[in-house]
Amino acid sequence: MNDTEAFELAREAGLRTHHFYGGLHLRHHKKISCRTRVERPPLPEQLTVPLNQYAGETAEAVVRPGDRVLKGEVIGRCQSCAAAHAPVSGTVEALREVPSATQPGIQTPAVVIRPDGREQWVPREAIADWRAASPRQLIERIRSGGIAGLGGAVFPSHIKAAAARERRVHTLILNGAECEPYISCDEMLMREQPANIVLGARILRRAVGAERVVIAIEDQMGAVQAALEEAVNAARCESITVVRVSTIYPEGGERQLIQVLTGLEVPAGGLPADIGLVCYNVATAAAAAAAVTQGTPLIERYVTVTGSGVAEPRNLLALVGTPLAHLVEACGGYLPGAARLVVGGPMMGFPVASDAVPVTKGVNCVLVLTSQDISTSQTEMPCIRCGECARVCPARLLPQQLHLQVTNRLWDQARDYGLSACIECGCCDFVCPSHIPLASRFREGKTELRNRAGKARAAARARQRFESREARLAREERERAEGLARRREQMRDRTQRQKDVQAAIERAGRRRQTDGEPDDT
Amino acid sequence: MLTATTMLTLLGLLSGLGLGFAAIRFRVDSDPLTDRIDALLPQTQCAQCGYPGCRPYAAAVAAGDADINQCPPGGADTVRALADLLGREPIPLNPENGSEKPLRAAVIDEQRCIGCTLCIQACPVDAIVGAARLMHTVITAECTGCDLCLPPCPVDCIDMVEPETRPSAGAAAGLFTGATAALSP
Chain Y
1 MNDTEAFELA
11 REAGLRTHHF
21 YGGLHLRHHK
31 KISCRTRVER
41 PPLPEQLTVP
51 LNQYAGETAE
61 AVVRPGDRVL
71 KGEVIGRCQS
81 CAAAHAPVSG
91 TVEALREVPS
101 ATQPGIQTPA
111 VVIRPDGREQ
121 WVPREAIADW
131 RAASPRQLIE
141 RIRSGGIAGL
151 GGAVFPSHIK
161 AAAARERRVH
171 TLILNGAECE
181 PYISCDEMLM
191 REQPANIVLG
201 ARILRRAVGA
211 ERVVIAIEDQ
221 MGAVQAALEE
231 AVNAARCESI
241 TVVRVSTIYP
251 EGGERQLIQV
261 LTGLEVPAGG
271 LPADIGLVCY
281 NVATAAAAAA
291 AVTQGTPLIE
301 RYVTVTGSGV
311 AEPRNLLALV
321 GTPLAHLVEA
331 CGGYLPGAAR
341 LVVGGPMMGF
351 PVASDAVPVT
361 KGVNCVLVLT
371 SQDISTSQTE
381 MPCIRCGECA
391 RVCPARLLPQ
401 QLHLQVTNRL
411 WDQARDYGLS
421 ACIECGCCDF
431 VCPSHIPLAS
441 RFREGKTELR
451 NRAGKARAAA
461 RARQRFESRE
471 ARLAREERER
481 AEGLARRREQ
491 MRDRTQRQKD
501 VQAAIERAGR
511 RRQTDGEPDD
521 T
Chain Z
1 MLTATTMLTL
11 LGLLSGLGLG
21 FAAIRFRVDS
31 DPLTDRIDAL
41 LPQTQCAQCG
51 YPGCRPYAAA
61 VAAGDADINQ
71 CPPGGADTVR
81 ALADLLGREP
91 IPLNPENGSE
101 KPLRAAVIDE
111 QRCIGCTLCI
121 QACPVDAIVG
131 AARLMHTVIT
141 AECTGCDLCL
151 PPCPVDCIDM
161 VEPETRPSAG
171 AAAGLFTGAT
181 AALSP
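As given, the protein sequences belong to chains Y and Z, one line each in that order. All residue numbers for the first sequence refer to our numbering, where the first residue is 1 and numbers rise by one. All residue numbers for the second sequence refer to our numbering, where the first residue is 1 and numbers rise by one.
Derived from the structure by calculation, the hints contain no laboratory data. Remember, predicted model here, so these are calculated numbers, not experimental data. Treat the hints with care, as some may be off.
Counterexamples of contact, computed for chain Y against chain Z with all Cβ distances above 12 Å [as the list claims (entries may be wrong)]:
(1) C34
(2) L70
(3) V92
(4) E93
(5) E125
(6) P336
(7) V501
(8) R511
Only pairs whose alpha carbons sit at most 20 Å apart, straight line, appear in this in silico SDA-like list of lysine to any residue [said to hold, decoys possible]:
(9) Z:K101 x Y:G454
(10) Y:K455 x Z:P163
(11) Z:K101 x Y:A458
(12) Y:K31 x Y:A223
(13) Y:K455 x Y:E57
(14) Y:K31 x Y:L335
(15) Y:K455 x Z:A81
If you want the ones that stay clear, here's a sample from chain Y, every Cβ over 12 Å from chain Z, calculated [stated by the list, open to error]:
(16) F7
(17) R77
(18) S80
(19) R492
Ideal Cβ positions, reconstructed from N, Cα and C, are used throughout, including at glycine.
With the sequences and hints as input, model every part of the structure.
Next comes the structure, spelled out in structure tokens:
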């Protein structure tokens, strides 16, 4: 199948559902956090807003300690990442480095704000009628609102939208398939704010220039479909379809969801836009709607606080910058036996060392595990090459082979075997009878591959610059030599000319002598 | 007997002619082995190997004049890659050429720079911009960290600094959420 065919076939997204390779049926553990309505926790004493919220550029702080900020004021400006806004009105206390919640081992600069409790908003500019606004205006508003992918990757939404527009995508997919166990923030959002999501879907559709919208939800989400369909009907928008997909982990992965909806695979190393699709999380759509129609920047998000180590698991509407400890406290605090704090779900989340880490735009879940959950009965044993991992790998890789290559540092082989296509879903870990932490090894390997590719690019540039410098030096040398030769030539010419003149004078003199002689006689 | 000898001689002559023609007609000017060795070198152009750049060193290795362990910026990885390519055993780096160091980039102290242009002339990749009696600066992205700008500087205003590196996500390797026990189907 060629690219244009796939591009056209993808127009049928959501009409039928398909399957992706591998995956797992996992226990959900979602209901425990869906029993109470989502509320805002009390205002914390201090908020720490990280200026780097995704694996990319860091925003530049535009406030200084002592400055007073209003709620929604820009505190971090950025060219290619989403801007950071003050989540409350108050005073900037400090600028300091904090550990990142979603990128383990990384420190990011952050703005510490002490709220004054007055919740004074910065003047907000809403777009009165988004239908009349140009897509460019909508994308600009999404940018100034600091909207980024709330599914966890926190990729700046305006960049995605602009790229999708350029590639002339035909279908917008809203990802509500929250497949990882325990996490329920998107489900609660779809239950409580279906109208905002549908509004966001329409705005994003206009921004990216798509014809259709498919909202994908899981078949276990109960009343969500009815709520969304009601909202779609109320908006009288026929181009939006709500599709239920069967719950198999990791169906919420962008590539897997696209495969389920279209039966097509996004090319390795390519983007969904290659087959005419663009994918946003449902929460991102709701945030985009708020940014466009109310001028409200992205300063808060739904966060699931759950796990067997927390007293009252639930979802909270948390301000960006709230310490995780504050959220756990709002849920009744830790239970005895709580042993590990994880940001994200149990499959793809990262353990964090401290609960002082602040919420970022990418924190969808705070999971508190007890010592029972993380019992160390599993010790790593050698790979027996049973191939279970290859059977469940949704990216259709060969984890046992990649593991061999990564542990033996055979990077070129690992690259050829498609290590970069690993989505780090952890399915291979889960089924490994030898309890090998494959996904974290692959994560490390992917970083190594990226670094090596970067080095190779830098070397190629350096080679090119060295060679062009050598060429330039050689040219200059040649030109200098030529110049010298020319001058020498001229010099010779001059002496020659002088000689010629001299000779002519002498000749003339001689002639005068010979000519004059007869006169004299 | 005579026929066989004649045939074989003719065959030999023909093949010789063919090969001789091919050697002249399809002559490869640049040595492909040099290219392949050059591709494995880090292109720092630091001359620590004793040759005036990576390509001359590659040519020397290809010709058998230099050993494969003379590139400190490439370190053990490069030695291994070269050993793989040339079918030799990896050997430790030659300490006479220097030791493996983390990648650094030159930074010019703008207060002290007198604008003498000596570093600009020394830079093998043209990563320093400036003009006579005007402040110079390093294009960090293009700097290979070769240290060649340090000796000519008359006021010692160039420092080699390690760029701010983001620790890899692999720093978390071994940290495993460990929650899978709670998820068994």
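Hints versus structure:
no.: 1; hint: C34; verdict: holds, 18 Å
no.: 2; hint: L70; verdict: holds, 32 Å
no.: 3; hint: V92; verdict: holds, 23 Å
no.: 4; hint: E93; verdict: holds, 24 Å
no.: 5; hint: E125; verdict: holds, 35 Å
no.: 6; hint: P336; verdict: holds, 17 Å
no.: 7; hint: V501; verdict: holds, 42 Å
no.: 8; hint: R511; verdict: holds, 58 Å
no.: 9; hint: Z:K101 x Y:G454; verdict: holds, 18 Å
no.: 10; hint: Y:K455 x Z:P163; verdict: holds, 14 Å
no.: 11; hint: Z:K101 x Y:A458; verdict: holds, 17 Å
no.: 12; hint: Y:K31 x Y:A223; verdict: holds, 13 Å
no.: 13; hint: Y:K455 x Y:E57; verdict: holds, 19 Å
no.: 14; hint: Y:K31 x Y:L335; verdict: holds, 19 Å
no.: 15; hint: Y:K455 x Z:A81; verdict: holds, 15 Å
no.: 16; hint: F7; verdict: holds, 33 Å
no.: 17; hint: R77; verdict: holds, 19 Å
no.: 18; hint: S80; verdict: holds, 16 Å
no.: 19; hint: R492; verdict: holds, 33 Å
Consistency with the previously given hints is maintained throughout, with no hint failing.
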